[in-house]
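Asker: Residue numbers (my numbering), protein chains in the order written: chain A, 1 to 82; chain B, 1 to 553.
Quick caveat, the hints were computed from the structure, so don't treat them as lab data.
There may be inaccurate statements among the hints.
Stated by the list, open to error - Some, not all, of what chain A presents toward chain B, calculated at C-beta under 8 Å:
1) W7
2) V33
3) D74
Think of the CB as a built atom: it goes at the ideal place given N, C-alpha and C, for glycine as much as any other residue.
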Amino acid sequence: MEKKKYWRKKIQYLLVLLSLWFTVSILCSIVFVHQLNAFKLGGFPLGFWFAMQGSMIIFVLLIFVYVWLMNRLDNAFRAQNR
Amino acid sequence: MDVQTLTLIFVTASFLLYMAIAYWSKARSIRDFYVAGGGVSPFANGMATAADWMSAATFISLPGIVSFMGYDGAAYLLGGSGGFVLLAMLIAPYLRKFGKYTIPAFIGDRYYSNTARTIAVICAIFISFTYLAGQMRGVGVVFSRFLEMSIDTGVYVGAGIVFLYAVWGGMKGITYTQVAQYCVLIFAFLVPTIFLSILLTNNPIPFLGLGDTVADGSMHFIDRLNGLEKELGFREFTAQRGATLNLVAMALTLMIGTAGMPHVIIRFFTVPKVSDARKSVGYALLFITVLFLCIPAVGAFARTYFLEAINNQPYANVPQWFNMWEGTGLITFNDLNGDGVIQYQAGENNELAIDRDILFLASPEIAKLPAWVIALVAAGGLAAALSTAAGLLLVISTAISHDLLKKQFVPHISDKQELLAARICSALAVGVGIYFGIHPPGFVMETIALAFGIAASALFPAIFMGIFSKKMNKEGAIAGMLAGLIFSVSYIVYFRFMGGDPDDYLFGISAQGVGLPGMILSFVVTLVVSRFYEAPPAGIQEMVEDMRYPENI
Chain A
1 MEKKKYWRKK IQYLLVLLSL WFTVSILCSI VFVHQLNAFK LGGFPLGFWF AMQGSMIIFV
61 LLIFVYVWLM NRLDNAFRAQ NR
Chain B
1 MDVQTLTLIF VTASFLLYMA IAYWSKARSI RDFYVAGGGV SPFANGMATA ADWMSAATFI
61 SLPGIVSFMG YDGAAYLLGG SGGFVLLAML IAPYLRKFGK YTIPAFIGDR YYSNTARTIA
121 VICAIFISFT YLAGQMRGVG VVFSRFLEMS IDTGVYVGAG IVFLYAVWGG MKGITYTQVA
181 QYCVLIFAFL VPTIFLSILL TNNPIPFLGL GDTVADGSMH FIDRLNGLEK ELGFREFTAQ
241 RGATLNLVAM ALTLMIGTAG MPHVIIRFFT VPKVSDARKS VGYALLFITV LFLCIPAVGA
301 FARTYFLEAI NNQPYANVPQ WFNMWEGTGL ITFNDLNGDG VIQYQAGENN ELAIDRDILF
361 LASPEIAKLP AWVIALVAAG GLAAALSTAA GLLLVISTAI SHDLLKKQFV PHISDKQELL
421 AARICSALAV GVGIYFGIHP PGFVMETIAL AFGIAASALF PAIFMGIFSK KMNKEGAIAG
481 MLAGLIFSVS YIVYFRFMGG DPDDYLFGIS AQGVGLPGMI LSFVVTLVVS RFYEAPPAGI
541 QEMVEDMRYP ENI
């Protein structure tokens with residue numbers, strides 16, 4: 001794999017994962033919280049749940065997805081440059 | 001056994017444990033002192049980072065903030081956790097690959113400039129001392145409340161313990177004591193929270209309990225709390241109170257500030273590989289989330305208890321803990337209408353003032369839990385304060401010994417002399433910490449806003465551009481750091497200390513959200529100024545290139 005291609009791929013991962021990060025933490029939890037509160041998740045209004053719990057759980061998942069993607073990409077990169 | 005004896009036993013036992021670990025993990029080389037020899041496993045480093053990050057304010061104040069602010073308190077929870085996503089993806093792995101010991105070292109080397117290095121040293125030291133004052137104060141408060149010692153004695157004892165393992169052990173001692181401190185503090189936080197959850201919702205898992213029905217199953221717990229708040233004229237717990245843009249700015253300032261906090265970033269220099277740095281950020285956030293998920297739960301549970309059990313009770317019948325906290329001045333009852341009954345409600349007829357910092361510390365007593373739970377909470381509060389204090393001390397001492405002495409003033413000193421210098425700086429920093437603990441600045445919240453504002457607006461843009469832009473030159477970075485620094489400091493000083501009118505807030509953004517506009521300004525200045533100067537030398541550009549690819553190719 002070329003260095004350029006590796007870097008481009010990494011930036012793509014970043015853009016996708018960071019837009020999810022922004023969506024849950026800023027959009028779902030703060031900006032559109034009223035609209036989402038019309039829905040319920042168990043006893044929680046949905047927007048409130050995103051702000052208090054949902055975002056944090058998704059943050060953890062996003063990091064581990066990134067770890068997995070990057071390890072795969074690094075291995076492919078190493079295999080072709082050895 | 002009474003609470004005080006039990007507390008003394010728990011606290012002493014935890015201190016002995018930290019000292020044993022300090023003895024076992026003494027730093028033998030400068031590499032041990034700065035980055036724990038670079039051989040910490042990602043899992044252990046995740047725990048250490050979680051303890052490093054969760055401070056006295058997290059443990060003691062955050063449940064109270066959420067309890068009294070309701071939904072709006074989420075800005076602090078989002079802010080305290082979301083920054084780790086940025087750390088994992090934008091900062092930690094690259095700086096690990098770069099392989100230096102400190103943040104000023106990265107900025108100084110990347111921007112081939114001792115001016116940039118010195119600005120970074122000033123930011124790092126300022127941020128760390130600000131934070132250290134709060135930790136020392138937290139230690140003092142726990143000692144005075146639970147062991148009935150004076151706050152001063154508490155500060156000396158706490159500082160003595162930190163001195164032992166931070167000065168002896170450096171990063172190595174700090175790392176392994178932080179692992180132990182994480183275990184103590186998470187256990188101490190979960191036990192009372194779980195008890196409260198069972199008491200109010202019959203659900204042993206606090207964050208599920210918050211969404212569950214009340215103990216008799218008649219309605220959802222949250223609906224009941226919202227009903228209570230409304231009845232007394234407060235806003236509903238789940239309702240938004242502040243302006244949306246201000247909440248966004250606060251959350252983003254805290255998140256970006258987290259990603260620029262020196263004491264957090266340096267923790268990821270201690271793992272062996274770049275891939276370990278990524279994984280370790282994931283573990284750190286996982287361990288933090290375990291506690292953060294319980295904060296809204298314990299906040300809401302304790303709030304419900306206050307509204308139900310204290311409001312409309314005759315003052316003569318209040319439980320003993322109420323009087324204990326009255327003694328500290330953190331609860332005050334002023335019987336306005338002279339009927340001997342406590343009226344707790346919104347508006348001018350309210351007769352009860354509760355300091356939100358007592359909420360979590362008082363929760364075991366509120367729920368009538370056994371004495372050992374109270375003792376455990378005291379030990380947990382101390383663990384949270386001491387673990388953060390140690391990480392901050394290391395930032396201060398290495399910034400001076402490495403980035404000022406070794407890199408600028410006396411470059412010829414040997415590793416051994418540098419290690420000695422680091423230990424002396426660390427000891428001096430403990431001394432300053434003691435001073436701040438005993439004579440705390442009366443504006444802790446403002447200074448913490450300042451710390452995050454500076455981290456977000458001065459350090460984060462410089463670090464980010466240093467990684468993602470090969471062509472970024474020193475002129476751009478220095479101008480951007482200064483712009484961010486000057487903007488945030490003057491904004492906070494103007495609105496908090498010079499009586500600036502909140503109506504004049506820029507777009508309604510309060511001092512706590514200053515990092516967001518500060519960061520945008522810093523990025524703009526950096527990009528514009530860099531256009532007028534030449535690109536960095538080829539060697540620097542190669543160095544940046546090298547940070548982006550995995551090792552061993």
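Asker: Each hint should be assessed against the structure and marked as holding or not.
Answerer: Here is how each hint holds up against the structure:
1. Annotation: A/W7 was flagged as interfacial toward chain B, and the flag holds, the nearest CB pair being 6 Å apart, inside 8 Å.
2. At about 6 Å, the closest approach between the beta carbon of A/V33 and any beta carbon in chain B falls short of 8 Å, and the interface hint on this residue holds.
3. For the restraint placing A/D74 at the interface with chain B, the shortest Cβ-Cβ distance is roughly 4 Å, inside the 8 Å limit, so the hint holds.
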